Amino acid sequence: MAKSSKLIYVVLILLSIAFLFPIFLVLLNSFKSTLYISTEPFSLLNESNFVELKNYVVGAQKTGIYSAFGYSVFITVFSVAGILLLCSMAAWYITRVKSKFTNFLYYLFIISMVVPFQMVMFTMSKTADALKLTSPVGILVLYWGFGAGLSIFMYSGFVKSVPISLEDAALIDGCNPVTMFFRVVFPVLKPINITIAILNGMWIWNDFLLPYIILGSEYRTLPIAIQYLTGGYGSVDYGHLMAMIIIALIPIVIFYFTCQKYIIEGITSGAVKG
Amino acid sequence: MQKTYKKYFAVFVLPILTVYFIAFLFPLISGVYLSFTKFKTVSDAEFVGLSNYAFVFSDVRGFLSALKFTAKFTAVSMVTTNLFAFILALLLTKGVRGTNTFRTIFFMPNLIGGIVLGYIWQIVINGVLIKTVGVDITYSAKYGFWGMVILYNWQMIGYLMIIYIAGLQAIPSELMEAAEVDGANKWQVLKNIKLPLVMPAITICLFLTLSGGFKMFDQNFALTNGAPRNQTTMLALDIYNTYYKRIGFAGVGQAKAVVFTLMVVAITFLQVKLTRSKEVD
Chain X
504 MAKSSKLIYV VLILLSIAFL FPIFLVLLNS FKSTLYISTE PFSLLNESNF VELKNYVVGA
564 QKTGIYSAFG YSVFITVFSV AGILLLCSMA AWYITRVKSK FTNFLYYLFI ISMVVPFQMV
624 MFTMSKTADA LKLTSPVGIL VLYWGFGAGL SIFMYSGFVK SVPISLEDAA LIDGCNPVTM
684 FFRVVFPVLK PINITIAILN GMWIWNDFLL PYIILGSEYR TLPIAIQYLT GGYGSVDYGH
744 LMAMIIIALI PIVIFYFTCQ KYIIEGITSG AVKG
Chain U
109 MQKTYKKYFA VFVLPILTVY FIAFLFPLIS GVYLSFTKFK TVSDAEFVGL SNYAFVFSDV
169 RGFLSALKFT AKFTAVSMVT TNLFAFILAL LLTKGVRGTN TFRTIFFMPN LIGGIVLGYI
229 WQIVINGVLI KTVGVDITYS AKYGFWGMVI LYNWQMIGYL MIIYIAGLQA IPSELMEAAE
289 VDGANKWQVL KNIKLPLVMP AITICLFLTL SGGFKMFDQN FALTNGAPRN QTTMLALDIY
349 NTYYKRIGFA GVGQAKAVVF TLMVVAITFL QVKLTRSKEV D
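For the protein sequence lines, the chains are X and U, in the order given. Oh and the first sequence: position 224 is 727 in this note's numbering, straight run, nothing missing. Oh and the second sequence: position 254 is 362 in this note's numbering, straight run, nothing missing.
With the rest of the complex left out, here is chain U (with noise of 0.2 Å):
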């Protein structure tokens, strides 16, 4: 049958091989290109060696303060999300009624998109502010850093509940009743049966919030569009901003466009090194 198939290839695979080339392919190639270049309209493009790159990491007030900000952004909402998913789910896997509402209600806010999560918590957190101090999130970094991270739980939590609740049915019951029988405390099957048993998916849920965290954009853009002074500004936004805020950057922001892919490739690497290696054991 192979050989028949074979000379469909250009009804099977051509059609989406040339859009994928012309959306992905080529400005991925011409992007790593460009990267080397400084230019004003792609055409005049000039080879300038690694000098972008080297702008790149002197860039203190915009990508090194960006990445600093990402990264602490992202480390402790790693720690919040998966913190309070993992009580949801414990809390939602005793068989309380009402169950199937309470995460119909705590899934929801993950299908609202991020520009409209953005302006949502603005509203909510100016609010709050205006009424306690009596200033808006622009005031300071660490309104804007705290508000960033309030959003990106109330996103996450119910989606990330799912999995560890998947993850937490799936304990055989034999399993709690032996801990039962043998008189085992509600901490000891907790640390001793629950948390191990859910290791798969804890990792899945960690590096989805990290690297959900690292990349993100559109929430960034509407809660604090980087104010005050960008202090707020993360990875992504700061790329947007080299490219089309500052004339003639657009090269140095393909640099620092280069430099993030790599850190989520190593990421994503990291993820599938650290899954693979559970599976075997």
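The following block holds chain X by itself, in its conformation from the complex (with noise of 0.2 Å):
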């Protein structure tokens, strides 16, 4: 028993180190000179090719990663909390209100979560610029359209499962139910609010074609600020493009670290939606 468990042990690191691969590769190539990145990738870092942090200021420059990574941000933050916001009370209303209107509505919404981006992706672009919504303010009422769906639909599985009664003393006592609402339903809905958060925050952060097409490159989010390095003409500069993929893993990784309990059971929470 002791002799397998140890050859299952070599084998997970042996395949750790394969997993940590790819990563570690990117980073020993984000101090060479690119010269030396095509031809030799797998060498350890030398006189000849070591540029120092080089390939991190130029890069920075080149891309703008930095206001990147202000408007990443502030997509991110404002979208998820718009989202928690009204998806959290639209989802309430709908289980609590039963009528034919709101379960229509509750499958209205759901409908989203089927739809791939592609069949929605030239018509929104469209209305988007219509409604000069071409603005890192105005993706963001996209983001909450969009991620209605699963949201309202995870929100309102879990609202099922909160007593009503409290609810029923809180207007008793002369509360409103908006004012009802946020201080009676929405502390309640505080881990399933943790989930939504996650699964959204992971997935907007992510986003490249939405952005990229609704915002160009005007306002690069991350993801937009390193496929600029590859879009332009002529050939790609690997030394930036492999800094820029370090600086854009870095928030992720230090995120991951902190919170990653709550990462792994949110993310993977979402998967057993159907």
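Hints are computed from structural coordinates only; laboratory data are not their basis. Everything numeric in this text was worked out from a predicted model, so none of it was measured. Where a beta carbon is used, it is the ideal one built from N, C-alpha and C, also for glycine. Take the hints with a grain of salt, since some may be wrong.
With a straight-line cut-off of 30 Å between C-alpha atoms, the simulated DSS-like cross-links for lysine-lysine are [said to hold, decoys possible]:
1. K294(U) - K180(U)
2. K601(X) - K114(U)
3. K603(X) - K115(U)
4. K693(X) - K635(X)
5. K180(U) - K663(X)
6. K381(U) - K323(U)
7. K180(U) - K601(X)
To give an idea of the chain X side of the interface with chain U (calculated C-beta under 7 Å), a few residues [unchecked claim]:
8. L510
9. Y512
10. G641
Two chains, two frames, a set of hints: combine them into the complex.
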């Protein structure tokens, strides 16, 4: 028994190394000059290929990675905040007021879970143009709308398990439904709020195509800044690309290690939605 | 209480309903309509019946080639990702030390966005190819195909593994003990206890990889962008190219999107049906 578990241990360590190798390789090459990345990507740093932090400095300048970081943070935070607020309210209402109309609304919202982005990509970008939503503030409206399906679906499932007696008591005490919702219902939703925030936050942070179509290269988010390095004509500067990938990975890694438990639970609970 | 609530519809539901209409419902409806038209600027849309759809199904080098590539890619990835994830889950439920650290490492790639994933693997795969055969990933569709499969495995294995671990840990320990008392060997335990009992998890994971692979865009866009000569273009990328790379083809792109959507919807319904029927057993 001990022997077999030692073998498993060794296998797992080798697999972990294999899993981490791509990231290690990017990190290693982010310190090399581009010339050496294509000819000797696997060699360690030495006097001829090492360029210190040059890729980071020049790459950041070329892509505007720090303002891209700012746009990504802004869009992700306010999209998620809006989704949490608007969807929890709507899901609560749809679940509590039982009628044919609210039932219809529920299905109307969850349709968007099934429809792939390509179906609405073109017409949505035209609509966004017409309504002048092509800015970091305007795009929030689109994310709130796109996030609605999954979020209302998950909130509705949760609200069903919340006891109604507390809500009734608050109303009898003279609260109106809006203050009652924020004092009584919203605090009870905390666990599902976390799950929905993580699911939407990871999606929006990493989302490429929607901001690429809507914002273009005027307001680059992180994925667009990375893509921008390779999108132009002429040869791709791999040194800059590697350095910018590392910068883009740092916030994700920090976030992962600080709230790993919530992230793994949150993301995988999205899978069991069907 | 319901009566009091009804007056508050405008506060609770109307805001999200309005943005949902702008972002999704209106684009969906007008998208379906435009798939039957030919247009350059949307306002000059002209009804052309089913001719866009006829084009889609005769688009051998575009849509049909992308469909074939996507189907092949998804089929191969479904098998490999789930197989590796299940094996990892078996290894990580044996109580070896460091289990949590291993879980953390294997799950991590799942948090990385598709564009970054694509470029990470471009450097790894090109590095290996240039060292061994002297060409890069754009040289042959074969390289692009396996590149995509490797990338998708790296991204999904940790995720699926977590679901399988949860499934394996939910197996009642009495069952395992009873099997041990009966003298069952490891293979019999796997085949007669573990596999049947994690079947619901397997269904979930198969469909996750199926719909994820089928709808893939970012990774494809970053890793190969269709090279060589659109041979590694997947469905989502082909639709994107039809909208934005060919002038006057937006109606055709929209028809492709409708066909694509119907396929995705069919997959989802099949999934719901299969999971429901499993629950009854």
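Here is how each hint holds up against the structure:
The suggested pairing of K294(U) with K180(U) is violated, with an alpha-carbon distance near 33 Å, which exceeds 30 Å. Between K601(X) and K114(U) the CA atoms are separated by roughly 10 Å; this keeps the pair inside 30 Å, and the hint holds. For the suggested pair K603(X) and K115(U), the alpha carbons sit about 16 Å apart, so the restraint of at most 30 Å is met. A threshold of 30 Å between alpha carbons decides the hint, and for K693(X) with K635(X) the separation of about 34 Å lies outside it, so the pair is violated.
Restraint check for K180(U) and K663(X): the C-alpha separation of about 41 Å exceeds 30 Å, so the hint is violated. Pair hint K381(U) plus K323(U) holds up; C-alpha atoms about 20 Å apart against a cutoff of 30 Å. Distance restraint check for K180(U) and K601(X): the Cα-Cα separation of roughly 45 Å exceeds the 30 Å cut-off, and the hinted pair is therefore not satisfied. Here the hint on L510(X) is broken, as its CB sits about 10 Å from the closest CB of chain U, past 7 Å.
Evaluation of the Y512(X) hint against chain U yields a held restraint, the C-beta minimum of about 5 Å falling below 7 Å. Hint status for G641(X): violated, given a least beta-carbon distance of 10 Å to chain U, over 7 Å.
Violated hints, listed in ascending order, are 1, 4, 5, 7, 8 and 10; each of the other numbered hints is respected by the structure.
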